[in-house]
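> Listed below, chain by chain, are the residues.
There are 2 protein chains.
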Amino acid sequence: MKKIVFGHRNPDTDAIAAAKAYSYLKNQLGEETEAVALGTPNEETKYALNYFNEPVPRVVTKALPEYPEVILVDHNEAQQSIEDIREVTVTDLIDHHRIANFETAFPLYAHLEPVGCTCTIIFREFERHAVEIPAHIAGLMLSAIISDTLLFKSPTTTEMDQLVAEKLAEIAGVDCQVYGLEMLKAGTNLATKTAEE
Amino acid sequence: MKKIVFGHRNPDTDAIAAAKAYSYLKNQLGEETEAVALGTPNEETKYALNYFNEPVPRVVTKALPEYPEVILVDHNEAQQSIEDIREVTVTDLIDHHRIANFETAFPLYAHLEPVGCTCTIIFREFERHAVEIPAHIAGLMLSAIISDTLLFKSPTTTEMDQLVAEKLAEIAGVDCQVYGLEMLKAGTNLATKTAEE
Ligand SMILES: [Mn+2]
Ligand SMILES: [Mn+2]
Ligand SMILES: [Mn+2]
Ligand SMILES: [Mn+2]
Chain D
-14 MKKIVFGHRN PDTDAIAAAK AYSYLKNQLG EETEAVALGT PNEETKYALN
36 YFNEPVPRVV TKALPEYPEV ILVDHNEAQQ SIEDIREVTV TDLIDHHRIA
86 NFETAFPLYA HLEPVGCTCT IIFREFERHA VEIPAHIAGL MLSAIISDTL
136 LFKSPTTTEM DQLVAEKLAE IAGVDCQVYG LEMLKAGTNL ATKTAEE
Chain H
-14 MKKIVFGHRN PDTDAIAAAK AYSYLKNQLG EETEAVALGT PNEETKYALN
36 YFNEPVPRVV TKALPEYPEV ILVDHNEAQQ SIEDIREVTV TDLIDHHRIA
86 NFETAFPLYA HLEPVGCTCT IIFREFERHA VEIPAHIAGL MLSAIISDTL
136 LFKSPTTTEM DQLVAEKLAE IAGVDCQVYG LEMLKAGTNL ATKTAEE
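Protein chains in written order, with the working numbering: chain D, -14 to 182; chain H, -14 to 182.
Excised from the complex, chain D in its bound form (with noise of 0.2 Å):
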């Protein structure tokens, strides 16, 4: 049965792009699941999007009746997620939120860590299974860790997230610091500073 991997509403570049790391990682498993949205990704993740040549996701607003199992990333309270969430089952959970409003039927696969970005777990999970990151999903995943942490310089960074970081970069042929730059004045985030300032 397919399933639908999906970050929270008004989704931010770490939302968009863990759902996609994290789609490719289960696909890769065997298992067949498409990444959705649940919202147009703003111009920072547009120019990331952009960049590694991938399509914007399609957005959904409801689960049922084709999805009756999802996939949650980047998010897990309820008031953040797919309007029927209440009414599916969720069988993975890919985070790096407190846990609130959150309520399962079954048991489930769960992995949050206290990093700065959600593409930061997911590297892991790609190391645990010994999945290989194309370069373009790679390139999502570090623009996700330079949009969560500024570029490092957010209080939730943390070491792991800069390591990953790093060996992300090498895989997408990119420099970190100077693409990283570049998203993120394409970026509303910096745009909307630069305007206030």
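No false leads were slipped in.
For identical chains, the list gives no copy identity; a pair is met inside one copy or between any two copies.
Straight-line C-alpha distance at most 20 Å; calculated SDA-like pairs for lysine to any residue:
{"no.": "1", "residue 1": "Lys152", "residue 2": "Arg113"}
{"no.": "2", "residue 1": "Lys138", "residue 2": "Pro92"}
{"no.": "3", "residue 1": "Lys152", "residue 2": "Arg109"}
{"no.": "4", "residue 1": "Lys170", "residue 2": "Asp160"}
For the record, the hints were derived by calculation from the structure and aren't laboratory data.
Note that this is a predicted model, so its numbers are computed, not measured.
Knowing the structure of chain D, use the given hints to seat chain H with the ligands on it.
Chain H with the ligands alone, transformed into the frame defined by chain D:
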């Protein structure tokens, strides 16, 4: 800051063994933790502790004021946990149950899998950190898997539980079937069942 590690109220063998095993792992990794219990062990668990020369963990009912940070194993629901669970910080959660009535104020490390026993998941934590499992800890973990899966007969048993149990039996130096039947016989579970029959 020292943390306590505990399973659910009315502890079964998994609740006690998972606390002991995860506490051992965390201590090896440089943290200071103590495995405690939210109640006295049952006859089956006492048999396992005695067989592997492990002391019965002390019983606690509250974490505060000594332990503002705690680690949960083999449960997550507040009503199954320590009395003041809502007032303390959960830093780690290792479990194989559905998530319900569990909320944290901060991001945490969580590893949940839909397998038959928490100790199966903890085996993977040892692997991940490349920490060797001593024989007595392996014996307790094996006891938990045998207990939760009723010697691999319960419908919740997975292939992974069986694989991990085999490896643990080798480390512990016991025959899984022989030891398992003895332990289950010593326990209240089978004693009750036999009495009913
Ligand atoms: Mn996000
Ligand atoms: Mn994130
Ligand atoms: Mn239990
Ligand atoms: Mn259990």
